[in-house]
Amino acid sequence: MTIAAFFGITCYNVLEIMVSIFMTFKRYRGLYFWSMLVATLGILLHAIAVLLRFFALAPSFPMAVLIVVGWYAMVTGQSVVLYSRLHLVVSDYRRYRWVLYMIIINFCVLHIPVSILFFGSGLGHSNFLGPFNVYEDIQLAGFSIQEIIISGLYIWEASRALKPALTREERSGYNVMKHLILVNIIAILMDASLLATQYTNNFEIQTTYKTVVYSVKLKMEFSVLNQLVAFLMRNHYINEYDSQQTCLEPNRGGMEVFLTPYRRFDPAKQPRRSACSLPTKIRQLGGANRELGMSSAVLGSGWATRAAIAVDSRQSPVGFRVSLTPAHTEPVG
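Numbering (UniProt numbering), first residue to last: 1 to 333.
These are calculated hints, taken from the structure and not from any lab test.
Heads up, some of the hints might be wrong.
[Stated by the list, open to error] In silico DSS-like links for lysine-lysine, alpha-carbon gap of 30 Å or less: (1) 219 <-> 178; (2) 219 <-> 26; (3) 26 <-> 178.
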């Protein structure tokens with residue numbers, strides 16, 4: 001009865017997440033979209049395969065293969081979802097490229113050995129059963145620690161990105177941060193409860209309860225991400241721009257340059273009204289709204305002359321935005 005109840009909760013959560021994904025995303029592309037989709041489908045696949053195998057409603061070995069595939073997508077997919085969110089709040093996401101390396105290494109170190117031991121024990125080889133039970137405890141703790149590390153980085157960077165709003169005592173900024181912290185605390189507590197079911201030798205309960213935990217965490221993370229994106233859009237004036245346009249437009253405090261993919265901005269070919277004819281300071285906008293099509297428009301801060309404003313926009317799927325704030329009114333010689 002408990003296993004069936006967990007299965008029903010998982011299916012409901014997966015259906016709700018799938019509807020939210022396709023109602024939220026305007027473009028079906030990008031790391032965040034695909035990781036959300038893969039993680040969600042992995043949860044469903046894992047839950048169905050576990051149920052069929054547990055009640056002997058399908059051949060054991062094919063279901064074991066589906067369990068492992070769903071487990072890969074569910075667990076590592078969840079970590080990739082967490083990693084993909086860093087792009088929204090980290091000015092230079094290359095500083096956290098090690099997070100991606102950590103996910104890949106843990107996949108090789110935790111997923112693959114457990115899969116081999118799981119298949120071996122499932123085929124009736126008793127020599128695999130003892131090592132499988134030990135390594136199952138290790139992998140569950142390892143993946144929980146990995147998600148806690150990424151969540152901690154996300155809270156840290158989000159607090160830095162929202163600091164201007166928090167210093168202005170904007171209630172919406174405080175609400176986003178409170179929701180973000182609360183979601184991650186709940187996620188940690190759910191991971192702890194999952195570990196408790198494993199370490200109390202309730203393996204059957206753990207395998208079905210796991211899909212409930214991951215589906216609930218995915219729902220919460222999707223909700224808080226939408227809140228964060230909405231807040232950043234309000235405070236950084238983020239919009240989607242036609243990828244075919246390259247132009248200069250007035251902006252608060254200066255000008256904004258919009259660059260299309262696979263092109264370079266050539267200051268010499270811009271009209272005299274170009275803000276790049278003046279000494280400028282590149283204003284940091286924050287790495288927000290990458291998932292909605294606009295590349296992270298952060299180039300750091302520093303004085304730049306006309307010749308220095310040449311930005312490669314090839315990393316952007318749609319366009320690249322740079323804010324130029326004039327420092328003087330006299331042209332560069």
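Hints, one by one, checked against the model:
1. Restraint check: the Cα-Cα separation between residue 219 and residue 178 comes to about 17 Å, which is no more than 30 Å; the hinted pair holds.
2. In summary, the hint linking residue 219 to residue 26 is supported, as the alpha carbons are separated by about 19 Å, within the 30 Å threshold.
3. The suggested pairing of residue 26 with residue 178 holds, with an alpha-carbon distance near 28 Å, which does not exceed 30 Å.
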